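Trainee: If you read the sequences in order, they're chains A and B. With my numbering, letter number 58 in the first sequence gets 58, and the count goes up by one each step, no holes. With my numbering, letter number 15 in the second sequence gets 15, and the count goes up by one each step, no holes.
One should not assume that every hint holds.
DSS-like mimics (lysine-lysine), calculated; alpha carbons at most 27 Å apart, straight line [as the list claims (entries may be wrong)]:
id	chain 1	residue 1	chain 2	residue 2
1	A	K153	B	K276
2	B	K152	B	K342
3	A	K153	B	K527
4	A	K103	B	K527
Calculated from the structure, these hints are not laboratory results. Fair warning: this is a prediction, and the values are worked out from it, not measured in the lab.
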Amino acid sequence: MLSLTIDGKKVEAEAGWTLLDTARQYGIEIPTLCYHEAVEPFGACRLCVVELRQGNASRLVASCVYPAEEGLEVHTASEKVNNVRRWILEMLMSECPASQEIKEMAAQYGVETTRFEINDPEQECILCGLCVRACAQVVGANAISTVGRGAQKEIGSPYLVPGDACVACGTCVTVCPTGAMRARFERVRGVPSVVMARSVK
Amino acid sequence: MQATAKDTTELRLGSLEELEKLRGELRAAEDPDQTRIIVCHGTGCVANGSPGVTQALKDALAAAGEQVEVMPGIKTTGCHGFCSRGPLVIIKPKNIFYQQVKPADAEEIVQQTIVKGETVERLLYKLPQSGEAVETTEDIPFYAGQERVVLKNIGQIDPTKIDDAIRAGAYAGAAKALTTMEPQQVIDEVIKSGLRGRGGAGFPTGVKWNLAAKHQGGQKYVLCNADEGDPGAFMDRSVMEGDPHAVVEGMIIGGYAIGADTGYVYVRAEYPLAIKHLEKALADARALGLLGENILGSGFNFDIRINRGAGAFVCGEETALMRSVEGKVGEPVPRPPYPSDKGLFGKPSVLNNVETWANVSRILDRGADWFASLGTEKSKGTKVFALVGKVNNVGLVEVPMGIKLKDIVMTIGGGVPGSDRFKAVQTGGPSGGCLPWEDAELPVDFDSLIAAGSMMGSGGMIVMDDRDCMVDVAKYFLGFLEEESCGKCFPCRLGVPRLRETLNRFSKGEGTIEDIDDLYSMAEAIKAGSLCALGGTAPNAVLSTLRYFRDEYEAHILEHRCPAGVCKDLITYSIDPEACTGCHACFRACPQNAVSGEKKKPHTIDESLCIRCGMCLESCKFGAVQVQ
Numbered sequence: 001m002l003s004l005t006i007d008g009k010k011v012e013a014e015a016g017w018t019l020l021d022t023a024r025q026y027g028i029e030i031p032t033l034c035y036h037e038a039v040e041p042f043g044a045c046r047l048c049v050v051e052l053r054q055g056n057a058s059r060l061v062a063s064c065v066y067p068a069e070e071g072l073e074v075h076t077a078s079e080k081v082n083n084v085r086r087w088i089l090e091m092l093m094s095e096c097p098a099s100q101e102i103k104e105m106a107a108q109y110g111v112e113t114t115r116f117e118i119n120d121p122e123q124e125c126i127l128c129g130l131c132v133r134a135c136a137q138v139v140g141a142n143a144i145s146t147v148g149r150g151a152q153k154e155i156g157s158p159y160l161v162p163g164d165a166c167v168a169c170g171t172c173v174t175v176c177p178t179g180a181m182r183a184r185f186e187r188v189r190g191v192p193s194v195v196m197a198r199s200v201k
Numbered sequence: 001m002q003a004t005a006k007d008t009t010e011l012r013l014g015s016l017e018e019l020e021k022l023r024g025e026l027r028a029a030e031d032p033d034q035t036r037i038i039v040c041h042g043t044g045c046v047a048n049g050s051p052g053v054t055q056a057l058k059d060a061l062a063a064a065g066e067q068v069e070v071m072p073g074i075k076t077t078g079c080h081g082f083c084s085r086g087p088l089v090i091i092k093p094k095n096i097f098y099q100q101v102k103p104a105d106a107e108e109i110v111q112q113t114i115v116k117g118e119t120v121e122r123l124l125y126k127l128p129q130s131g132e133a134v135e136t137t138e139d140i141p142f143y144a145g146q147e148r149v150v151l152k153n154i155g156q157i158d159p160t161k162i163d164d165a166i167r168a169g170a171y172a173g174a175a176k177a178l179t180t181m182e183p184q185q186v187i188d189e190v191i192k193s194g195l196r197g198r199g200g201a202g203f204p205t206g207v208k209w210n211l212a213a214k215h216q217g218g219q220k221y222v223l224c225n226a227d228e229g230d231p232g233a234f235m236d237r238s239v240m241e242g243d244p245h246a247v248v249e250g251m252i253i254g255g256y257a258i259g260a261d262t263g264y265v266y267v268r269a270e271y272p273l274a275i276k277h278l279e280k281a282l283a284d285a286r287a288l289g290l291l292g293e294n295i296l297g298s299g300f301n302f303d304i305r306i307n308r309g310a311g312a313f314v315c316g317e318e319t320a321l322m323r324s325v326e327g328k329v330g331e332p333v334p335r336p337p338y339p340s341d342k343g344l345f346g347k348p349s350v351l352n353n354v355e356t357w358a359n360v361s362r363i364l365d366r367g368a369d370w371f372a373s374l375g376t377e378k379s380k381g382t383k384v385f386a387l388v389g390k391v392n393n394v395g396l397v398e399v400p401m402g403i404k405l406k407d408i409v410m411t412i413g414g415g416v417p418g419s420d421r422f423k424a425v426q427t428g429g430p431s432g433g434c435l436p437w438e439d440a441e442l443p444v445d446f447d448s449l450i451a452a453g454s455m456m457g458s459g460g461m462i463v464m465d466d467r468d469c470m471v472d473v474a475k476y477f478l479g480f481l482e483e484e485s486c487g488k489c490f491p492c493r494l495g496v497p498r499l500r501e502t503l504n505r506f507s508k509g510e511g512t513i514e515d516i517d518d519l520y521s522m523a524e525a526i527k528a529g530s531l532c533a534l535g536g537t538a539p540n541a542v543l544s545t546l547r548y549f550r551d552e553y554e555a556h557i558l559e560h561r562c563p564a565g566v567c568k569d570l571i572t573y574s575i576d577p578e579a580c581t582g583c584h585a586c587f588r589a590c591p592q593n594a595v596s597g598e599k600k601k602p603h604t605i606d607e608s609l610c611i612r613c614g615m616c617l618e619s620c621k622f623g624a625v626q627v628q
């Protein structure tokens, strides 16, 4: 077992646990958006960042991917950590203003409004990629992917054309943290080949 | 097999001795006092027409016929660095330096210099201050102030001929390492040299190798990061184009040191000449037995593959680069695990940049002590910089670490046109920052640059003068990174555009002073929160300009004024009636017909038609056009 401290509390972790695993084992809450137990951690949303301190040195790491190490001093809600979370949430509020989940999470960090311009009031998708990873790692269908780069990035099927690779299992809808996949499902699902086979009979 | 200088096509070198024997014969076959013509065929000079110059020189030599006692060879080489003066022609052995040579000059060069042994005065470089013409490369301040380690063969050898490279010393370091040293000794030598990675972060190269070498056995990889993407940077391209064997040799040494049998060069597809020369170098090295099975009889097997990148800036980040080589989307992944434990295809891997690999070749050839004698205590060796922007001598320079910023820009660079100082020097590419004239005495090394709020980066150095607006510069770099962000992690994807939007407001005079506090806070969150260094360093452009040029930000915000006269929403063009001679130049230059006035009488600008393009300002020879 590895011993470390989280928010001043002595904790023990098994080798192979991440900091998030360890914190959750002890009921210490760390917010996440792109994390899900069913798929490999991705380290993209950065809400789960925690501060590692060693003497005067300090840095932020994503707790969902950072391994628990002997002797670490972890702070899950320091000012540095909360500054990152507040800015991400405020920016998300302008990016995907239709998401109730984001609004609630932001409110927990005292962010009630956003100073940034809203492009699409209907947008819910936060581009965490959970749907893509679930489709690949849980279902094995690889029907969807992130498409494009940076600000142009979106979730879609190949060439943004609905395709038969989607088996309409709904896993992506289930794992989506904001419910955005509900509205997108029709855009990626073609006529599922299973259904085709039945209708021929 | 017998090694002969004339025929290396059938030759396969089986030992260190055979390589050195070949080298000796190649050197003996070349008379150092013989007249030779060297023409720069780097990308810059090629674009300026150097192939035409080479052909014209060949024709002129043929036409001169028997007038020439000993027919000189013409050698085409990689980039000499002095790109703003190209095409360059150098006559050996005296190193007579001709600049901006055109095909029409070829006959005169042959008749005057080759036949009569006289210099062609009008083609010589003239010192900008005195106007005095100087004859040889050594007399030119641009070259005299440099210390060429990585670039030592570039401009001397024909990069497409392995014979030429071997004559200049190529593969001596690799041969020594493979046949006389244990892998750990090689790593220790690199550690002792103090070499730090030239790609940006400056991590000690030997220490990185050690991390990968400690995994015993199994598949490992070495990689060369040739995805040079910083705006204005062309160091790595020039090295690959001008001395590809230096990179190949470095990678052989690295592969031997960590126990890898395969190397990858990840080079952007926009560098076709570099790829061509690398491919030729690999084929030639393979044919000679310097790559492949049982290199030089050492029992070590190693080969290199070239991987073309499609030109994503983020693929210069090591984990994204490895994903791209694997055929996946080029997005960074969190570390740990570090590439030295789980890198390419999940195997221990070492990635170094082009210049680092070239340095490795030199270190193994000449020894760690020699290398450590160059540079400063913590930054050893030299650094290649691409010097661009508002500087007289645009080009590629290599200087010892620790040289003063002023010496690079004002002495080697020949200073700033029309000014005795620079306003700012941007180092480190988009991840770096802008240093002011007050930092002119700053020693240029890894740690000093970071302490000053910038960074070494891969070696871009952009000089700026009073006509460059710092808000606009920061906006440009943020715009670049916004385009190039992979979009995986939220702080970078969402934050960088928001930083740029804030600066956009400033450049329209719409910001408030509170916005600056917000900028600091947001920049801090993006720096600390981003997944990789692209986002982690993206705010540097804002932070460093705010640190040194805060008054310029305040002028935009509080006075709605752009002191440099760049931000279009904040400036007006006018004509000083006292200075205007009515020459009509601005009248003709204006694309909007906004200038009116009769000839020989003062002109005026109609502000409602003016699009603030600055054409009138550039056309005016009397300083009558004013920007406010």
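Trainee: CA of K153/A to CA of K527/B, is that 27 Å or under?
Mentor: holds, 21 Å
Trainee: Regarding the pair K152/B and K342/B, is the alpha-carbon distance no greater than 27 Å?
Mentor: violated, 35 Å
Trainee: Decide if the proposed pair is consistent with the structure: K103/A and K527/B, CA atoms, cutoff 27 Å inclusive.
Mentor: OK: K103/A and K527/B at ~24 Å, within 27 Å.
Trainee: Taking only the CA atoms, is the gap from K153/A to K276/B under or equal to 27 Å?
Mentor: Distance ~34 Å between K153/A and K276/B Cα, so the pair is violated.
Figure legend: structure checked against the earlier numbered hints; hints not met, in rising order: 1 and 2.
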